[in-house]
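Q: Protein chains in written order, with the working numbering: chain W, 1 to 439; chain Z, 1 to 247.
What the hints contain is simulated information worked out from the structure, not anything from laboratory work. All C-beta atoms in this analysis are idealised placements derived from N, C-alpha and C, irrespective of residue type, glycine included. Hints are supplied without guarantee of correctness; some may be wrong.
Within a straight-line C-alpha distance of at most 25 Å, the following computed PhoX-like cross-link-like pairs (lysine-lysine) qualify [stated by the list, open to error]:
#1 W:K95 - W:K141
#2 Z:K134 - W:K21
#3 W:K141 - W:K160
#4 Z:K30 - W:K21
#5 Z:K92 - Z:K30
#6 W:K417 - Z:K30
#7 W:K230 - Z:K30
#8 Z:K123 - Z:K134
With the Cβ distance kept under 8 Å, some of the chain W side facing chain Z (calculated, not the full set) [to be verified]:
#9 K14
#10 K81
#11 E233
To be clear about the criterion: a stretch of chain Z counts as covered by chain W if any three or more of its residues have a C-beta under 8 Å from a C-beta of chain W, and this derived list gives those stretches [what the hints assert, rightly or not]:
#12 174–183
#13 229–237
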Amino acid sequence: MKSAFLTIFIKEMKSIIRDPKILITMIIVPVVLTGLMYGIMGAMTTQAVKQAMKPGGEILLVDLDHGYWAENFTNYLTSHKYTVTRYKDIDSAIKNYDNALCILVIPKGFSENLTRGYTAYLQVYYRIRGISFTSMMMGYKVYGIIRQYSDMLSKQILEKTGLSPEYVSSPVNGTSNIVIGNITIKNIDPSQVTGPLLMLGLFVPLIIGLLAGFVAQLSATSIAVEKEQKMLETLLTLPLSRFSLIAAKVTAAFIVSLIGGGAYFAIMAWYFSQMSSLGATNSSVSSSIALSALVKAVGMQTPAVLVIAGFGTLFLALGIALLLAMFVDDVRSAQIISGYIIAPLMLSIFIGLFLDITSMSPIQQTAIAAIPFANLAFILNLGLTGNYTAQLVAAFSSWAYAIIVLYIASRIIGTEKIFTMKLFKRKRRTSLGFHLLTR
Amino acid sequence: MPTQVVEVNDLHKVYPGGKEALKGLSFTVKEGEIYGLIGPNGAGKTTTLRILATILEPTNGTARIYGYDVKSEPEKVRRLIAYLPEEAGAYKYLSGLEFLDFIASFYAEDEQEKRRMIQEAWKISGLGMRIKDKIKTYSKGMLRRLLIAKTLMVHPKLAILDEPTSGLDVINSTRVRRIIKKYTREYGVTVLLSSHNMLEVEYLCDRVGIIHEGRIVAEGSPAELKKMYGAENLEEVFAKIVGGEEI
Ligand SMILES: Nc1ncnc2c1ncn2[C@@H]1O[C@H](COP(=O)(O)OP(=O)(O)OP(=O)(O)O)[C@@H](O)[C@H]1O
Ligand SMILES: [Mg+2]
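Start from the sequences and build out the full structure, keeping to the hints where you can.
A: Below you can see the structure in the form of structure tokens.
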């Protein structure tokens, strides 16, 4: 025979999937909204960057110089897939701007300056048509082609003098090496380290906070649903342990939250991979070497501590939500009340992210690591400073709180309090008959 | 001597907030009996039934079902009873069938017994093919019939029914009463119910306890009570005991 746990669990999943109230407010809205937001932002930026990278487009040229170098530059543009339309003066060019990239003015004396060895200037006019990302990138595109042309010229000039262009363009250069914790990584692009660091120190705590929010909302809702659909009384008299009742509800809330959180995470990961591929740079260190050096720097235990603390935090949020949900009568109040948990929870994580704990004394660090939710944000920095005691406190303090809260919740669930306790005391309507009789 | 199914002794209940709902209530229900609790609004009927159904805990006094104390051995009590709350609902997003399956899963020993329960409940409910529709599409009467069916299908030793026909029209009420009567005789289910309908009580109950301000103030078979108070019907008995007829 199916166990009571499984029966309740299946019922929970069915109502989560079928009840639009739960599905819409809990899963669809947050995931779809953020997904859409990230999706649009990501697509827009990639589109804009691609547009800007792609050579070509219309340039309105006002040649006031008519010299050799003006002609040379114009040819350079056309050979790089730009369409050049000539105008006599700036005013007529502006009138015919339309979809052109920009107006390029070659001022009088351009060729003369160049031949005499002075810097020559080109004037670029471009119109701002809105705040779209694409139009912002267009400006860079024209500067890019000017830069290219300029580099080409300086190469030619230097070749005549017999000096190496590489040498002249940067007689002094730097290579970047990174010291993190007690590890030194040579010849590495800093973004290779800051990326994963950001992941561990910022996104993982935020994702856990988000998951905790999901779990709290869902489990509070699932308790309130029983009351709202007037099933609590029936449920309390069925031959099943209160423990399996709560365990099944919690499991369902966990699974659905993990799915929701997973979707959210996938969207975020996709977005950031999209973004980082745009700014990809070359580095002599492979990313796997960088990563393994990084893990050594923050300590092998740091990811584990994050996971342990993360689950503790989830259980704590869950316990608080369960506890509060017992006091309310309907789904709406349950959601409002779990909002009271989620808001300070997220705030706490955010404050944690902006708090610089590296300048604190080890004792202060250890004390602050016991603050629930916020401590998620400290774990990485504690690893970097090598305060393992504090990391241990961060890993297990949330569990301790969670166990206390869940214990209190289970004590209440076992008694009539789950039925009689009310957070918002509502006046009981005494019926007319009763008044008559007690008069 | 017949077994005592329900044994309530000097029961007191004080709600948080100080309302004393039961003030020394005592009564017993014998095996196979249909026992009716009647009394004005706020007399303490629902409170009594909730204590027996292990939802509330008595403040003082004892309540036993088949000898098991509701406060110290609630799990054992729950295996013997089926409770129909006064304002019960059901999961709106399940179909009637799924709901019956859900409830039956907690009682049935195996798949076969579960199927038997569901079949029986389907018949009792009289819902026909509507059983496959979502409960949120049911009328009040259909819902109540479904809930009566889920209570009786598990063949409990004791069925606790709080105002089983409340909110039902004449035809549905009559149907439900007939079901309760036929069914409990057939399967030897003992019934403890509360009601405001004196006709219902007279038709159904072997014995009646009149409850007033948290105490049983009169008890006996409908015939006995009528004789005791020299009344034509139970309504008169009720009025004589609890007053209020001067309006
Ligand atoms: N949860 C509660 N908290 C405080 N007082 C309550 C609670 N439930 C019931 N009471 C009070 O206890 C008394 C008995 O209530 P109960 O519901 O048992 O009456 P009843 O006989 O079932 O009435 P009715 O015929 O209206 O259903 C009433 O005065 C009621 O106001
Ligand atoms: Mg009542």
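Q: It remains to establish, for every hint, whether it holds in the given structure.
A: Hints, one by one, checked against the model:
{"no.": "1", "hint": "W:K95 - W:K141", "verdict": "holds, 22 Å"}
{"no.": "2", "hint": "Z:K134 - W:K21", "verdict": "holds, 16 Å"}
{"no.": "3", "hint": "W:K141 - W:K160", "verdict": "violated, 30 Å"}
{"no.": "4", "hint": "Z:K30 - W:K21", "verdict": "violated, 46 Å"}
{"no.": "5", "hint": "Z:K92 - Z:K30", "verdict": "violated, 36 Å"}
{"no.": "6", "hint": "W:K417 - Z:K30", "verdict": "violated, 31 Å"}
{"no.": "7", "hint": "W:K230 - Z:K30", "verdict": "violated, 30 Å"}
{"no.": "8", "hint": "Z:K123 - Z:K134", "verdict": "holds, 18 Å"}
{"no.": "9", "hint": "K14", "verdict": "holds, 6 Å"}
{"no.": "10", "hint": "K81", "verdict": "violated, 60 Å"}
{"no.": "11", "hint": "E233", "verdict": "holds, 4 Å"}
{"no.": "12", "hint": "174–183", "verdict": "violated (count 0)"}
{"no.": "13", "hint": "229–237", "verdict": "violated (count 0)"}
Of the numbered hints given earlier, the model fails hints 3, 4, 5, 6, 7, 10, 12 and 13; all others are met.
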